[in-house]
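Asks: Go ahead and model the full structure; you've got the sequences and the hints to work with.
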Amino acid sequence: MTSSAVRGRLIVLEGGDGVGKTTQLPLVADALRARGLVVHTVREPGQTQVGQTIRALLLHPDSRISPSTEALLFLSARAQLVAEVVQPALAAGEWVVADRFFVSTYAYQIAGHGLNAELVRQANALATQGIVPDLTLLLTLPAADAAARRSARGLADRLERYGAEFDARVAGAYEASVTATWQARHPECGPIVPVAANGAVDMITDRLVRTIVEHTSLTAVLTT
Numbered sequence: 001m002t003s004s005a006v007r008g009r010l011i012v013l014e015g016g017d018g019v020g021k022t023t024q025l026p027l028v029a030d031a032l033r034a035r036g037l038v039v040h041t042v043r044e045p046g047q048t049q050v051g052q053t054i055r056a057l058l059l060h061p062d063s064r065i066s067p068s069t070e071a072l073l074f075l076s077a078r079a080q081l082v083a084e085v086v087q088p089a090l091a092a093g094e095w096v097v098a099d100r101f102f103v104s105t106y107a108y109q110i111a112g113h114g115l116n117a118e119l120v121r122q123a124n125a126l127a128t129q130g131i132v133p134d135l136t137l138l139l140t141l142p143a144a145d146a147a148a149r150r151s152a153r154g155l156a157d158r159l160e161r162y163g164a165e166f167d168a169r170v171a172g173a174y175e176a177s178v179t180a181t182w183q184a185r186h187p188e189c190g191p192i193v194p195v196a197a198n199g200a201v202d203m204i205t206d207r208l209v210r211t212i213v214e215h216t217s218l219t220a221v222l223t224t
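Following my numbering, the numbering of the sequence shown begins with 1 at its first residue and continues without gaps.
No lab work stands behind these hints: they were computed from the structure.
Incorrect hints may have been included.
[Claimed, not checked] The calculated label-pair distances, taken between Cβ atoms and stated as ranges, are:
#, residue 1, residue 2, range
1, SER66, ARG33, 38 to 44 Å
2, ALA176, ASP30, 27 to 33 Å
3, THR179, THR53, 34 to 40 Å
Here a beta-carbon is modelled for each residue, glycine too, at the ideal position from N, C-alpha and C.
Replies: Written out as structure tokens, the structure is:
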């Protein structure tokens, strides 16, 4: 049972396009609710009215958006999400499970586009108001499998059309993010743990939930 006396938790699902984050988001949330937690699910960009408007602009295949503008739009959506949903939920002792957070910004905008890392980190600090994820689960999947899933979805959005070199930089950033050295340099991201995203959907959900239990002292939260 949660209460305002117990701090909530922010859990983030991360990974490149096609690894299964969107599929797993409601399943992980339901598994946590079954353990007695109040859980909110959010996605980036989106969720709020401001975020949904920004999402439509960012993902439209005909939008012509510079890398700097893209980063600022993502961060604007995050700022509204934090203020409107994440901060109130955590303050009430509730849990938030998010589809993407700052690691995505690092992978796509900093590594992918080559934007100035320190400037983007400063802007993210403003957007997040000091909130750091309690745990980020990086869903990992062979590139060919992720590409097959993306192909099965049909028409690619604007962010999926940057090309192979961009995709390789993004993948490299995600791979680096699970190392102790990278995490020591990026404390604003919190702990990041890789989780294999291959196999049956329910098996992946079980892996994710078990990892959350192991890394967030979930039993202690439930008995507080």
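Asks: Are the hints correct? Go through all of them and say.
Replies: Cross-check of the supplied hints:
no.	hint	result
1	SER66 with ARG33: 38 to 44 Å	41 Å, holds
2	ALA176 with ASP30: 27 to 33 Å	32 Å, holds
3	THR179 with THR53: 34 to 40 Å	36 Å, holds
Consistency with the previously given hints is maintained throughout, with no hint failing.
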